[in-house]
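Here the protein sequences line up with chains A and B, keeping their order.
With numbering that gives the first Met the number 0 applied, the first sequence has no gaps in its numbers, which climb one by one up to 286 at the end.
With numbering that gives the first Met the number 0 applied, the second sequence has no gaps in its numbers, which climb one by one up to 286 at the end.
The set of hints was computed from the structure by calculation and includes no laboratory data.
The beta-carbon is built from N, C-alpha and C at its ideal position, and this holds for glycine as well.
Any given hint could be a false lead.
Label pairs and their computed distance ranges (CB to CB) [stated by the list, open to error]: (1) B/S266 / A/A257: 20 to 28 angstroms; (2) A/C265 / B/S76: 34 to 42 angstroms; (3) A/D250 / B/Q280: 24 to 32 angstroms; (4) A/A257 / B/R60: 47 to 55 angstroms; (5) B/A254 / A/T127: 51 to 59 angstroms; (6) B/S76 / A/E176: 37 to 45 angstroms.
Protein chains: 2
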Amino acid sequence: MSMIIERLTVIGVGLIGGSFARALREAGAVGTIVGVDTDRDNLNQALSLGVVDEITPDVARGVRDAQVVFVSVPVCSIPMVVREIAPFLPAGCIVSDGGSVKFAIVRECEALMPPGCTFVGGHPIAGTEHSGAAAAFAALFTGKRCILTPTPATDAGAYDTMARLWRSAGANVCSMEPGHHDRIFAEISHLPHVVAYALVHAVGTADVEGENVLSYSAGGFRDFTRIASSDPVMWRDITLMNRAALLTSIDGFSASLAELRRRIDCSDPAALAEFFTIAKQFRDGIL
Amino acid sequence: MSMIIERLTVIGVGLIGGSFARALREAGAVGTIVGVDTDRDNLNQALSLGVVDEITPDVARGVRDAQVVFVSVPVCSIPMVVREIAPFLPAGCIVSDGGSVKFAIVRECEALMPPGCTFVGGHPIAGTEHSGAAAAFAALFTGKRCILTPTPATDAGAYDTMARLWRSAGANVCSMEPGHHDRIFAEISHLPHVVAYALVHAVGTADVEGENVLSYSAGGFRDFTRIASSDPVMWRDITLMNRAALLTSIDGFSASLAELRRRIDCSDPAALAEFFTIAKQFRDGIL
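With these hints in hand, go ahead and build the complete structure from the sequences.
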């Protein structure tokens, strides 16, 4: 594959940022990759493992001459990082991100772009339970979806460059409006996390004659609630940044649960079997 | 280990009933094991695999001379099977079960016992995703908990025999009141299933501008919702048989979810992080 850009800067060389770098290098899609990270040990490791070619802890120096800056830091820090780099962006630079919330990020970051620079929101649907530059690998995005969220303000050439880069990294690129993205991920990702946290909270605080109910948990409960072991700070930020869509999703779920509760309450075998069967069909459909 | 009983009858030679038979034989705790099953192919397989020594499709013949009859059929069928065998039980016979709901089963089955016979409710906390006699193996209960649920009507000798059998099968036996059992399992098992079914139902029916939201599901959603692929008929029966305790558990969960929703709604970062951290601590505590 031919080179798409000469110089890429990755801010936050963790699992996602590092894998993006590795995948693009393997594809021959970039010349030089510069890594920026506040964690000095992680940054040194990124260099010594060959994830990036140059490193600096200084964002201003890091974005110098970059054609694309990929910001891969926790969602609530993305606008802050973009605000920090904005004065130093070279003319024509594209800034993109990998955050799992898009509307608030795109709105803020677009407004921060100096004339001639473009922000292109992105969300690769990939990950593992590991983190840090050492966890990065080139095939992370192979066959996975990467959603780009252009707006009327997005430069077409900039969008095209980001789409080509993600395709080079192995991803299937699709495009949607930032608010639409957030409503979908409120349902399929943010709601399940909120439900898992609420469930573990409820069972953990349940008072069954003073007994520690959690000591009776078997494999099913452990599998079901694994996502409640995710980073509380990350989920605090995601729920706050996607608040409106998430509240709608929670209300939709509460309505489904209330309907199921009603069918249990009136002991209606046929109505219960119907509800469980519909849900099972939805679930089996995604296998 | 020395023999505990001479003759055991297992009604329903599936994963649980078959593994109980295999474990007791391996331990040398029983003489002859008789298998009864409505599925003729499964029954023949149980015999040819050596899970049981004798087979019959006829429950009356099956329980003849049995010291212990272990009923391992779907929860809603347990009282029906016990009603069917009651007239044929030999004097002093112990009847036990492996159902995951206890209060309703124990109450019904105790009332069905002829004079001199005792029902001892049981619930081994073990299983795999497989079913049938061919899936049975002796080590299924090793190190797992088996809960026995005696009542004031339970003969002490009968309870002791069942406890010794389960210990021979490798299980850690504990004892609790049937209603207490049901309140614990409403929380730790039945509630998570109800929540998973409601979640998949909600996401599957969510209308995000006509898009099929489920097509965006990644590994996390699949893991989280796997239990919504369980048998709808089994879960219909469990929810109906443990209705009162389950409704209480659903209400406790709804209160936790409402509290979390409130913290998202008022965008309180500290209160949100606190909620997620408490839940994560509960979850990490069961690892």
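Legend entry - Hint check for B/S76 and A/C265 - Cβ pair distance inside 34 to 42 angstroms: Distance hint for A/C265, B/S76 is violated at roughly 23 angstroms.
Inset, instruction - Starting from the range 51 to 59 angstroms, see whether the pair B/A254 and A/T127 falls in it by beta-carbon distance. - result: At roughly 34 angstroms between Cβ atoms, A/T127 and B/A254 fall outside 51 to 59 angstroms, so the hint is violated.
Legend entry - Range hint 20 to 28 angstroms (beta carbons of B/S266 and A/A257) holds or violated: 25 angstroms, holds
Inset, instruction - Take a look at whether the Cβ-Cβ distance between A/A257 and B/R60 falls inside 47 to 55 angstroms. - result: Holds, since A/A257 and B/R60 (Cβ atoms, about 49 angstroms apart) stay within the stated range.
Inset, instruction - Can you let me know if the beta-carbon spacing of A/D250 and B/Q280 is within 24 to 32 angstroms? - result: 28 angstroms, holds
Legend entry - B/S76 versus A/E176 beta-carbon gap, inside 37 to 45 angstroms or not: At roughly 53 angstroms between Cβ atoms, A/E176 and B/S76 fall outside 37 to 45 angstroms, so the hint is violated.
Checked against the numbered hints given earlier, this structure breaks hints 2, 5 and 6; the rest are met.
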